[in-house]
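Q: In order, the protein sequences belong to chains G and V. Heads up: the first sequence begins at 1 in our numbering, then just goes up one per residue. Heads up: the second sequence begins at 1001 in our numbering, then just goes up one per residue.
Hints in this document: simulated from the structure, not taken from any laboratory. The structure presented is a predicted model; accordingly, all values stated were derived computationally and were not measured. Check the hints yourself; a few may be wrong.
List time: in silico EDC-like cross-link candidates among lysine to aspartate or glutamate, alpha-carbon distance up to 20 Å [said to hold, decoys possible]:
#	chain 1	residue 1	chain 2	residue 2
1	G	K37	V	D1082
2	V	K1128	G	E35
3	V	K1127	G	D21
4	G	K24	V	E1133
5	V	K1128	G	E33
Simulated restraints on C-beta separations [what the hints assert, rightly or not]:
#	chain 1	residue 1	chain 2	residue 2	range
6	V	G1106	G	A345	44 to 50 Å
7	V	G1027	G	N276	40 to 46 Å
8	V	T1021	G	D282	50 to 56 Å
9	V	H1165	G	E200	33 to 39 Å
10	V	R1058	G	E6	42 to 48 Å
11	V	H1158	G	D314	52 to 58 Å
12	G	E193	V	R1058	41 to 47 Å
13	G	L398	V	G1106	50 to 56 Å
14	G	Y298	V	G1100	56 to 62 Å
15	G	I260	V	H1165	39 to 45 Å
16	V	R1058	G	A345	51 to 57 Å
17	V	H1165	G	E193	31 to 37 Å
Pulled a few chain G residues facing chain V out of the computed Cβ check, cut under 10 Å [as the list claims (entries may be wrong)]:
#	residue
18	I7
19	L31
20	N122
Virtual Cβ for every residue (Gly too), placed ideally from N, Cα, C.
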Amino acid sequence: MYAYDEIDRTLVNERVSEFRDQVKRRLSGELTEDEFKILRLQNGVYLQLHAYMFRVAIPYGTLASNQLRALAHVARKYDRGYGHFTTRQNIQFNWIKLAELPDALADLAEVGIHAMQTSGNNMRNVTSDQWAGVAPGEIEDPRIWSELIRQHTTLHPEFSFLPRKFKIAITASDHDRAAIKIHDIGLRLIKNEKGETGFEVLVGGGLGRTPFIGKTIKHFVHGRDILSYIEAILRVYNQYGRRDNIYKARIKILVHELGIEKFSREVEDEWQYIRNSSLQIDDEVIEDIRSRFAYPAYEKLPHMPDELRQAAADPDFEAWRKNSVAPHKVQGYSIVTISLKPIGAPPGDATAEQMDALADLADRYSFGEIRVGHEQNLALPHVAKRDLPALWKALDKLGLATPNVNLITDIIACPGLDYCSLANARSIPIAQELTRRFANHELANLIGRLHINISGCINACGHHHVGHIGILGVEKNGEEVYQITIGGRADEGAALGNLIGPGVKFDEVADVIEDVVEAYLALRERPEELFIDTVKRLGVEPFKERVYATR
Amino acid sequence: MPLVNGGKIADDSFVKLAVDTPLPESGDILVPAERFVGEADALLKRAGKIGVIWPNNRDIAELVPYLGRITVVALVFPTFRDGRAYSQARLLRERYNYRGELRATGQILRDQFVFMLRAGFDSFEVKKQADAEAFMQTAKRYSVFYQPTGDGRITALHRRMQLRHSEGVGT
Chain G
1 MYAYDEIDRT LVNERVSEFR DQVKRRLSGE LTEDEFKILR LQNGVYLQLH
51 AYMFRVAIPY GTLASNQLRA LAHVARKYDR GYGHFTTRQN IQFNWIKLAE
101 LPDALADLAE VGIHAMQTSG NNMRNVTSDQ WAGVAPGEIE DPRIWSELIR
151 QHTTLHPEFS FLPRKFKIAI TASDHDRAAI KIHDIGLRLI KNEKGETGFE
201 VLVGGGLGRT PFIGKTIKHF VHGRDILSYI EAILRVYNQY GRRDNIYKAR
251 IKILVHELGI EKFSREVEDE WQYIRNSSLQ IDDEVIEDIR SRFAYPAYEK
301 LPHMPDELRQ AAADPDFEAW RKNSVAPHKV QGYSIVTISL KPIGAPPGDA
351 TAEQMDALAD LADRYSFGEI RVGHEQNLAL PHVAKRDLPA LWKALDKLGL
401 ATPNVNLITD IIACPGLDYC SLANARSIPI AQELTRRFAN HELANLIGRL
451 HINISGCINA CGHHHVGHIG ILGVEKNGEE VYQITIGGRA DEGAALGNLI
501 GPGVKFDEVA DVIEDVVEAY LALRERPEEL FIDTVKRLGV EPFKERVYAT
551 R
Chain V
1001 MPLVNGGKIA DDSFVKLAVD TPLPESGDIL VPAERFVGEA DALLKRAGKI
1051 GVIWPNNRDI AELVPYLGRI TVVALVFPTF RDGRAYSQAR LLRERYNYRG
1101 ELRATGQILR DQFVFMLRAG FDSFEVKKQA DAEAFMQTAK RYSVFYQPTG
1151 DGRITALHRR MQLRHSEGVG T
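Let's have the full structure, built from the sequences with the hints guiding it.
A: Structure representation (structure tokens):
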């Protein structure tokens, strides 16, 4: 993982002291709430239904064990003993007191964690593949570039007051785990014919009220030019993005209104002015960043150790291994996903005790490293296969061995009306009920890969548009009503789901989802045909007929 | 509204004219963009310094032919959250080499000073007296900068390279 040097540490400390001054001025009345709002948002502080919510960045989803312990400490000391991992590699604390925030930030700064730009109309936390650096077949570690961009976008003097928020994601694998096509800028790391690193650049993806899949603006931007190219996109957006209507202010609307050809010409013109400037990155700079990423000293281990062979006799272990353990680029090692979706609990939550215990397990079994994915699960990226049975036992004791990764109960959900002042409907209780309905592991396994995404309002924080099944809560005549879509996906084949019929009431949602799943089981050609592929083959109609026939 | 210029609170010699205010015989004036462009020749001939107030939704390139002859460009932040003038400022300084006074006007709090200095502003019409008084202290709040801009401050990447070379890394 990336180790902060004195320069990075100084900046984070300077930011903490600036924020301390801002909080002090707010508490003394020197700043109005309206003035303070923008300042606090630039540091991840929202005013929610019950209290301030505090969002902390986990850049590109990489955490060291001491950092996870610091998050546990914040949960325990300043909050109610838990945190909530989000869909953009952040963690949120829901019950923070304003007067204590500067101290919480200072505690986090000690381990190189910050909350800069985790909200507000600026460049948000740069996200990447949670398997970066360990996934087999990856072109190169995208976190080097993520860190370069993280630095460049931090406290940017020109782009800290954009028309709207701006999100960048990077992937370096064929299978896109970073959902780059639903980001303002998506970067796909590729090599040119000379073997040089560069990026396919996508722009204008995003969900919310008007969802769009990102479009390719340039097929190859050389690595040395990536900062100037991003800067050119931002400069065009900063000047021409709409500021008259918050719902039309994202870059996706500008790209849509101008058309991708005209937009890309504007960017190209701007880029010609700045590409040969001090924004150009030479190899030495990249090497310097790379040198501060620690890579484990892997041992030479057998592909199939005895420990694993013996544990295979235990069906519970096998169920977990088959579900949650993925191949690693180094023989003898695995990537272990840790489900934060236990049956009946809010998706993405972890207690301070779980975080501390996981930090210990990471030290023992994963070279002190933990990853956070956009699916609101965690991962241990470097587990020796011989350690899998022991790790499983330890995780099981912590309630962290639910074998439901990528299954129907691995639900992505926003906090919804239980916490959020923007929400129109509850999300978490819907997720909890669904996990109970599909609690039977055999059934969930029989259904196979199926992503359900739930948002409690049109802002789409639960990414419902790109769920295989998407559930959107809205308010209609004072009642919560849920619209259900099918066929969305967030990966390299990103697509928006289609409505299957009229909205349904809170109490009916789980029944309807059961009917959708039943329809799928009846309609699929063979057990290997995933839900998403059946929808692709048949379209929405046959599902609609079956689900709504009796309603 | 106090003016901060050259790092401290200063008197403002400029009078702001509206579109239809009669032109004073002498003295320094700040003129709205549309009036400036319409009457540029007459305005530039008169005695006294001249500056222009340029709105944040008008192409700053239009101002380029006049840059050598004006003393102040005042850019506008109609609200704290509207950041268009940061881009205009950088273009003026870095692309069009404007060296005169670059003034930030509108909703200016101390929390923007560092961003504005980095974008090339050197004078500020500050909303609150306390913020104006805190200028020097606030301007020094940061010592680390990740992005290169025209202000010449050394970036973090650059400093690291200097450190590497002075430590003889790779030798």
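Q: Which constraints among the numbered hints does this structure fail? Numbers only, ascending.
A: Hint check: nothing fails, all pass.
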